[in-house]
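2 protein chains.
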Amino acid sequence: MSAAKKPTLAVVGATGAVGTVMLGILSERADVWGEIRLIASPRSAGRKLTVRGEQVEVIALSEEAFEGVDIAMFDVPDEVSAQWAPIAAAKGAVAVDNSGAFRMDPDVPLVVPEVNAHAARVRPRGIISNPNCTTLSMIVALGALHAEFGLSELIVSSYQAVSGSGKEGIDTLRDQVAKVAGTDLGSQPGDVRRAVGDLGPYPAPIAFNVVPFAGSLKEDGWSSEELKVRNESRKILGLPDLRVTATCVRVPVITTHSLTVHARFENEVTVAGAHEILSTAPGVVLCDNPAEGEFPTPADVVGTDPTWVGRVRRSLDDPKALELFVCGDNLRKGAALNTAQIAEVVAAELAAA
Amino acid sequence: MSAAKKPTLAVVGATGAVGTVMLGILSERADVWGEIRLIASPRSAGRKLTVRGEQVEVIALSEEAFEGVDIAMFDVPDEVSAQWAPIAAAKGAVAVDNSGAFRMDPDVPLVVPEVNAHAARVRPRGIISNPNCTTLSMIVALGALHAEFGLSELIVSSYQAVSGSGKEGIDTLRDQVAKVAGTDLGSQPGDVRRAVGDLGPYPAPIAFNVVPFAGSLKEDGWSSEELKVRNESRKILGLPDLRVTATCVRVPVITTHSLTVHARFENEVTVAGAHEILSTAPGVVLCDNPAEGEFPTPADVVGTDPTWVGRVRRSLDDPKALELFVCGDNLRKGAALNTAQIAEVVAAELAAA
Numbered sequence: 001m002s003a004a005k006k007p008t009l010a011v012v013g014a015t016g017a018v019g020t021v022m023l024g025i026l027s028e029r030a031d032v033w034g035e036i037r038l039i040a041s042p043r044s045a046g047r048k049l050t051v052r053g054e055q056v057e058v059i060a061l062s063e064e065a066f067e068g069v070d071i072a073m074f075d076v077p078d079e080v081s082a083q084w085a086p087i088a089a090a091k092g093a094v095a096v097d098n099s100g101a102f103r104m105d106p107d108v109p110l111v112v113p114e115v116n117a118h119a120a121r122v123r124p125r126g127i128i129s130n131p132n133c134t135t136l137s138m139i140v141a142l143g144a145l146h147a148e149f150g151l152s153e154l155i156v157s158s159y160q161a162v163s164g165s166g167k168e169g170i171d172t173l174r175d176q177v178a179k180v181a182g183t184d185l186g187s188q189p190g191d192v193r194r195a196v197g198d199l200g201p202y203p204a205p206i207a208f209n210v211v212p213f214a215g216s217l218k219e220d221g222w223s224s225e226e227l228k229v230r231n232e233s234r235k236i237l238g239l240p241d242l243r244v245t246a247t248c249v250r251v252p253v254i255t256t257h258s259l260t261v262h263a264r265f266e267n268e269v270t271v272a273g274a275h276e277i278l279s280t281a282p283g284v285v286l287c288d289n290p291a292e293g294e295f296p297t298p299a300d301v302v303g304t305d306p307t308w309v310g311r312v313r314r315s316l317d318d319p320k321a322l323e324l325f326v327c328g329d330n331l332r333k334g335a336a337l338n339t340a341q342i343a344e345v346v347a348a349e350l351a352a353a
Numbered sequence: 001m002s003a004a005k006k007p008t009l010a011v012v013g014a015t016g017a018v019g020t021v022m023l024g025i026l027s028e029r030a031d032v033w034g035e036i037r038l039i040a041s042p043r044s045a046g047r048k049l050t051v052r053g054e055q056v057e058v059i060a061l062s063e064e065a066f067e068g069v070d071i072a073m074f075d076v077p078d079e080v081s082a083q084w085a086p087i088a089a090a091k092g093a094v095a096v097d098n099s100g101a102f103r104m105d106p107d108v109p110l111v112v113p114e115v116n117a118h119a120a121r122v123r124p125r126g127i128i129s130n131p132n133c134t135t136l137s138m139i140v141a142l143g144a145l146h147a148e149f150g151l152s153e154l155i156v157s158s159y160q161a162v163s164g165s166g167k168e169g170i171d172t173l174r175d176q177v178a179k180v181a182g183t184d185l186g187s188q189p190g191d192v193r194r195a196v197g198d199l200g201p202y203p204a205p206i207a208f209n210v211v212p213f214a215g216s217l218k219e220d221g222w223s224s225e226e227l228k229v230r231n232e233s234r235k236i237l238g239l240p241d242l243r244v245t246a247t248c249v250r251v252p253v254i255t256t257h258s259l260t261v262h263a264r265f266e267n268e269v270t271v272a273g274a275h276e277i278l279s280t281a282p283g284v285v286l287c288d289n290p291a292e293g294e295f296p297t298p299a300d301v302v303g304t305d306p307t308w309v310g311r312v313r314r315s316l317d318d319p320k321a322l323e324l325f326v327c328g329d330n331l332r333k334g335a336a337l338n339t340a341q342i343a344e345v346v347a348a349e350l351a352a353a
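Residue numbers (the UniProt record's numbering), protein chains in the order written: chain A, 1 to 353; chain B, 1 to 353.
Keep in mind that a hint or two might mislead.
Pairs involving identical chains hold if they fit within one copy or between any two copies, as the list cannot separate such chains.
As the list claims (entries may be wrong) - The calculated lysine to aspartate or glutamate pairs, modelled on DMTMM-like cross-linking and capped at a C-alpha distance of 25 Å, are:
#1 K320 <-> D241
#2 K320 <-> D220
#3 K167 <-> D317
#4 K320 <-> E268
#5 K179 <-> E168
#6 K91 <-> E266
#7 K179 <-> E67
#8 K48 <-> D184
#9 K218 <-> E294
#10 K320 <-> E67
#11 K6 <-> D175
#12 K179 <-> E294
#13 K5 <-> E67
#14 K320 <-> E266
#15 K167 <-> D198
It is worth saying that the hints were derived from the structure and are not from the lab.
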C-alpha cells in the first residue's frame, strides 16, 4: 500500500452492541481511514448505518466482502471470528478480533496500545486479538504502575455491567428493574426471584441482586471470565508467571465495569508515587479525593474513554501492595475503543511501510 | 437472679430498622425471656408493637426504664449507646450493644457466639459489643476455616446492601430505581446522576451504579467501614496481627451483604477440606455447585439466618489460599440475630449462676 492512499477498514459485526459503539468512535476519532466498509450477517445486509456523518449500506459477510480491505475489525461471537478472521487474513487484511477465539494463541498478539503496542507488529497469522472487557477495564492503569514498581501479584474482584452480556443483558436488567421498581420486595428469600420471572442470560436475578458467576464453568470451580482475567493479564504484561486471582461478579449496572484491585509489587510503593504515575499515564484518569466525594463510579465513567482510578491506598500490612478501585466503560475501552486503537496502530505501520 | 425466674430483656431502639427485625427474631426463637420491655426515644413512647404474638407498649428511654432489667440490647446510633449503655450497666443490666461505640474498647468483648462465645463472660464494663454488619456477614465462615487451617491473611471486597444505611438507604434506592426504571439511561456520563436527583445518604447514585465508599473517611484514604472489617476481624478471631485488607463498596441491593474473600492460611488447603468444614460448621450453609447454578446471591439469602458460602476455589498460585463468595443477611446475622444470640448466651450464664 502506498503511503498516499488511506487504508480501507472493514467493520465486521457493525450492527451489534459493540459495533454500534464502534461506529460512534470511528466518527469521533482522527480520520485515518479511506473506505469504511460495514459487514454483518446476511439478515442485516442492506441496512444503512451512519458513520463519519454518512450513510453506509451494510453488506453481507462473505469472502468477497474482504476484497481490498487493509484492516478488518471483528466484533462478533467467538465461532464467527474463528471461521472468518483467518479468511480475512488470507485475503490480505490484518484482522483485529474482539472475540475470545484467538486471545491465547501464541501466534496471535494480545494488544493494549498504551501497554504493549510493539506486540502488534508480530502477527504470524495476520490476526491481532483485543482483550476481554474485564481485563481491559483495569490493565492500562496496572500497566503504568507495573512499569514503575514491577508487578508481582493481582487479587481482583469485579463489579461487571450487564452490557458485557450484550443487548440481552441490558434488556434483562431493564425488564427486571421495571418489575421490582415500586415494590416492597427484597426482604424475604426468593421474593425478587419470583417477581422478575425471566432470568435472561444470567443464572440468578440481576435486579436488586449481585450474581457471583460470569461466563462458563471451567476446571476446579473457576469461571471462564476469571481465567480470562488471569491469562490475558499475564500475556499483555509479558509476565507469564504473574500471580493473578480473580472473582467475577455481575452487578445491576448497565455499562462500565468496576474492579477492586489488590496489586503487589516487587518494590515498596507509596500512595504519592502511585498518584504521580496514574495522573500522567496516557489513557488513565486519577480521581481520588474521597474527602470531596471524588472516586470513580460507573454512572460517571460510562461513555468516556479512559480507565478511571480512585481509592488508592497502601496496604496497612504490606508496604509493597496497593489497593485500587478502577472503572472502565466496557463497551468503549473494554471493546470498541481498544479495537479502534489497535487498528490505528496497524494503519500507522502500514502507512510508514 | 434465681435460676427459676426467666430474665427480663430490654430492647432499646425497638422501633428502628434493626429493632423491627429483632422483634421478629425474638418471636421466632426459643423463648428464654420473662418480660420483654420495649424502649425507644420519647417520640415513639406509647406506640404498641407486637412481640411473641402480644402487643407491648413502647416506653421512653430513661434511667428508670432499666429497673429490673437483666439484659438490655441496644440498636441505636453510636452516641445514644455511648450515653445509655453504661447507664443500663450501672443499673445492673448486661448491655449488648450493636453500635460502634464500644467495639474496640479493650474492656468490652466483641462477640460472635459461633466463634468466641467464651469472650462474653469477661465484661469488665458490663457491656458486650456486637460487631459491624459487614464483618458479621463473613466471620462465622472464616472462624470455622481458621479453626482448622489457621488464618494468616484476608483480602476482602464487599458488595453491601443499602439497608446497612437504615431506612434512609432503602428509601433512597427504591426512589432512585423508580426514577430510572423504564428509561434508556445508563450509557452517557451523568445520565443516572441527573435522573435520580436526591442522593440520600450516599455520595453518588446507587441505582444502576456501585459506590466505592461506605462510612466516613479515616487516615490514609481508608473508610471507617474498611477499618472496622480489619479491626473487628482481628479482635473476634483473637489474632491481633492478622493481615486484613478490605475495600467496601455499596451496591443496589436492598438487604444482604456479599463479600469476595481471599483467605490465606498457615497450612495448605484443599477445596474438599474447606467444603467439609463449611458443610458442618454451625451457622454456615455451603452452597457451592456452580455446574447446577448453585451459589449464594443476596436475593436468595435475604431473610435467612446463616452465613452462606459458595464459589470455593483454591488459588491457582498459592496452595495455602482459598477464594470464597460469602453472603449474610445484614439485618439478621449482621445485626439483630447476633445480638439476640449474645443475649441468649448471657441468659444461659445467668441461669446457671
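Hints the structure fails to honour
Numbers 3, 6, 7, 10 and 11 - these are the hints that the structure violates, sorted from lowest upward.
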